[in-house]
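Line by line, the protein sequences are chains A and W. At position 494 of the first sequence (counting the first as 1) the number is 494 in the numbering used here, and the numbers step up by one without a gap. At position 105 of the second sequence (counting the first as 1) the number is 105 in the numbering used here, and the numbers step up by one without a gap.
Since the hints were made in silico from the structure, they are not lab data. Do not take every clue at face value.
Here are the simulated DSS-like cross-link-like pairs (lysine-lysine), alpha carbons at most 30 Å apart as the crow flies [as the list claims (entries may be wrong)]:
#1 K40/A <-> K93/W
#2 K15/W <-> K31/A
#3 K494/A <-> K295/A
#4 K93/W <-> K83/A
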Amino acid sequence: MYRSHVLVCGGTGCTSSGSERIVRALENNIKSMGLEEEVKVIKTGCFGLCALGPIMIVYPEGSFYSRVQVDDIPEIVEEHLLKGRIVKRLLYTETVQENTVKSLDQTDFYKKQLRVALKNCGVIDPENINEYIAYEGYQALGKVLTEMTPEEVVKTIKDSGLRGRGGGGFSTGMKWSFGAASKADQKYVACNADEGDPGAFMDRSILEGDPHVIIEAMAIAGYAIGATKGFVYIRAEYPIAVQRLQHAIDQAREVGLLGENIMGTGFNFDMELRLGAGAFVCGEETALMTSIEGKRGEPRPRPPFPTTSGIFDKPTVLNNVETYANVPQIILKGAEWFRSIGTERSAGTKVFALGGKIHNTGLVEVPMGTTLREIVEEIGGGIPDGKKFKAAQTGGPSGGCIPAEYMDIKIDYDSLLEIGSMMGSGGLIVMDETNCMVDIAKFYLEFTVDESCGKCTPCRIGTKRLYELLDKVSKGKATMEDLDKMEDLCYYIKENSLCGLGQSAPNPVLSTLKYFREEYIAHIQEKRCPAGVCKDLLRFTVDASKCRGCTLCARSCPVNAISGKVKEPHVIDNDKCVKCGTCIEKCRFGAIIRK
Amino acid sequence: MKSLAELQALRDQMKDQMGIRHDAKDNIRVVVGMATCGIAAGARPVLQRLTEEVAKRSLQNVTVAQTGCIGICQYEPVVEVFENGKEKVTYVKMTAEKMARVVTDHLVNGNPVVEYTIGAATEAINQ
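Isolated chain W, as found in the complex (with noise of 0.2 Å):
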């Protein structure tokens, strides 16, 4: 260790990677709905591009997380995303590119994808 700046670089370097020990309630939290449902439809690619994806642009805020099915197994892979005081979004039929716009688009800038969420599917199918 030559000085005490170089310390404090490698610090804040590691600091990213273990802030999901932390129990940080203003995270964002993006949930992959992992049962089988959601496997067989490819939701494997979708969270591992998401974890990619995160781990690119330091998104420390973010925690990445999986569930089980949440009943609309038709629109799998889904995708939720929670945020403090917000409403949920939920993206469905997700693959690893529509994954990587979403990082970008909403969790980066914070402009939900709206054609990919369950309400512009919905729309899609009643018209």
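Here chain A stands alone, though its shape is the one from the complex (with noise of 0.2 Å):
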């Protein structure tokens, strides 16, 4: 037995900020210590507050530290683990507070959050079956082979009201039964891990911090519509997810999990990984299904819909990896307590990747109906630099912003909708006052232009051309007219597009247009970006009575459009500026305007 554990995350944000060495100074720390047979560390997944990290855990103590270096490592292990005294100085800040040391769920960043996708997440070891054992792992499985009849776990998840965390919001429930009602020889489940939006990894985070809960799901689903092969679509630029999923299936294979007759039941469910090679467009539905196939990643009409003819042209029940991370404790729980969490149309909670212009930029799952500004002022604390909030960017490029007045709304999968933004994959992307709003739409713009597969014209040419438009308005070289031009061909865009990217790309424009119009109409009419970021634009001077003469500007400028002499005011020759902002960093005094 352990007395203590460790727990040190190993998602990817952690990873990239150095926990594998961590990892390894710890055992060898431990070990010199004499200390292996009574300290065990553990690698687990995302914690949730990637800013701070590596992010490690202690236990019995459940002390919390954040940044760890390699150099800290001795002390902890020496301090802490040997003598049993917490090294305060390397506490995450919050907890440690008039010499009490909080417990971790009491800080702001985890109080007002309600972990379930996330359960298991930061808590045991993805690469040991055993642990998600221990946490009633595959019990829920086991409970619908042994106690449930299928028309049972279908009746259930569609009284639960969980709906499709990937964006769309459909009912699981409903997808379920009308997958079971198909009748086919051979059916499938599949599951959508290819998570594309800028700035969102919440199903990333799953699948490295609980990759068993996404086989236990799906096996459930197979038992539900009659399928007996799984097939997980993931990212190839995921590896951590990639191997630790594929780990888990080889255990759960290996103790008769995944396999023919499992628990004894006579049920058999095999999956396997289909590695995405990082199209966006493979997100949607029917072109991830024909990529799995093995052909281009192109999407088709609907209907057909792929619960009667999906992969292989067989009926296939295709849900998201957070859907299926709420499936076995809605089984184990009952779908009442799913609906107790929540608004009334909007059961249980969200994933959101916090990111942006924020202090706590990670991953927080609150129940539906929490309001934006307790997700960024509590649970994300706030806006750094004393900045005020201007927008957040929530369901990426299919997605808009949702402006200051509206903080106080619920979010639900509605209520986003009423007010032109939508759910997503839940990616939350918060922006200040130096944001421009016609710099956001473009850049989504740019990013679905690159992203059309191209098999519809109004997707391939239309995102093309309003692209330019966007272009034309940052240069300041477009007319109020043109912004009348884009207004109708986003509604024809949307109206006539193939797919979902297509019909929903011209989402981040119209929702700028309808709430930041004013900033559209700076760039036009008076050619001034009032967020100071559009480059050409912008106009650098100095303000001649901060100005020493000190020549470092001068001197520092890539292109020599800045002149004067030692100890005068320097002067700017704005059709020589690249507008590079190098000035602006190396003046002292402050000295150089941008505007």
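Grab the two chains, each in its own frame, and use the hints to assemble them into the complex.
Encoded structure:
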């Protein structure tokens, strides 16, 4: 038995900040102290506080160390693990107050969170099936196989009100009932792990931190609809997730939780991975299934829907990673329990990947109906440098911006649609007053132009033309008529595109036009970018009253656009200036103005 | 996995090993003084024996922890037992053998071993 467990985050965030080296240093130091029989080091999934990585928790004390460096390890091992003295200077600052150490779930970051899909992330060792089993793992599969009929499983999921977490928000139970009703010699279950929205990493964290939950949920779905085979379509850009999921599948097979005659009930189910090559469109369900078949990932019109004719023209139920992560707990705790969380029409919780201009960048899970203000100000810790909140972007390239006046809106599927955004997969990017909304819309459009598969004209050419119009605005060359043209084009693309990618691509433009129209107008009429982002509209000038004539800016300017004598105010030649901003960084007197 | 029963047996066995990752508020906390004075007086074997005995008996409600110097260096190794709603019991001049007896008598059966406590030790000196 180990008297102490040291949990080190092995998610992608902490791995990139060096947690692998931390684990090795820990193991070496523990060994040299002769503690290897008493202290166990476990690499877990994401804790959520990625901004503070590498993260480490020591039990039984529950001490939460943040930003741990390799050099700190000998001290932690000798002081904490050997002598039992917590190294306070390395604790997450919010847990150390007035000399008492607060437990982690009492901190602002975790207090308002409710972890259902992320229940095991940062708690168990994702590479050890036994740890998953200790936390009720595979009990739900056992329950459906021994106590429930497939119809009862479908009914439970339907009654729970679970809706697709990938973006659309379609009822999962309805989807399963369609799949169950289809007649065929072979059916498939599939999992969409092709998380492609810029800034979103919810699914990756679940796969890295708790891979078995996906296996268990897919087996349950297989039992419910009568499928014996599952596919997980996962991005090749997620190497840790791919490796852990494959490892988990191998382990499950080894102990007989995948394969034939599972738990002696006669139920057969097995699954395999399919790696995506990084095309955004393959997150769209019909394109994803085409790609699984080994063909070029292009969408096709619906109907027929996948539940009638999916992978290899067989009925297929396709759900998102986070959707599956909710299933085993719904089976074990019941539909009523799940319904009791969240809002009336959006049951349960939602995981958000918090990013952008916010203190606590990371992963949070909150009940549906939590307000944007609670997420940004309380859990996220607000906006750095005392700047003001301007908007939050949800739903990635398919979503829209929520302006400050809607900060108190309760976030669920329907309320976000009403204000012109969407839940999407859960990326939540916070923007402050230094973000230009035209620039943001342009960024997302550039992404969709790149990622349009080219099969249908409205998306292929429409998004390109829309991008060109946005480019004109950002360069101050657009006219007011262009704004109307843009809006018309947006609706045209939405109505005529073949798949979700094109149908939702204009959303970032439409929502910024709706809420930040005055910014567009400033670009067009005043040739001015209010946030000071669009380079072509910027002018750099020297404030003569502040300039001391130190010549530092003139010497740093890469194009020699600054001239002036020593100890006299300098001047910037705006014809030569390339607006690189080097002079602002170099000036020690704040004499250079960017407008 | 041949049956659900087999899965449940594995779960219960694994739960024992992972109990310390819970915030167990009604746990008995056994704290060993592991400052320089404690280690010099032989606290390491005491801690090791404690861990072994707790594991052997699957005492899920016992948390083993260490602490620094509590100021009675002449009585080290010191082991303290904290139980909710009860007075703290302080054992002094501990050895691995004494530790094993404390686990059986006190942690399992609920009878503190009075003769090892600091009260008994100071009385002996006073007499």
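Taking each numbered hint in turn, which are not upheld by the structure, reported in ascending numerical order? none
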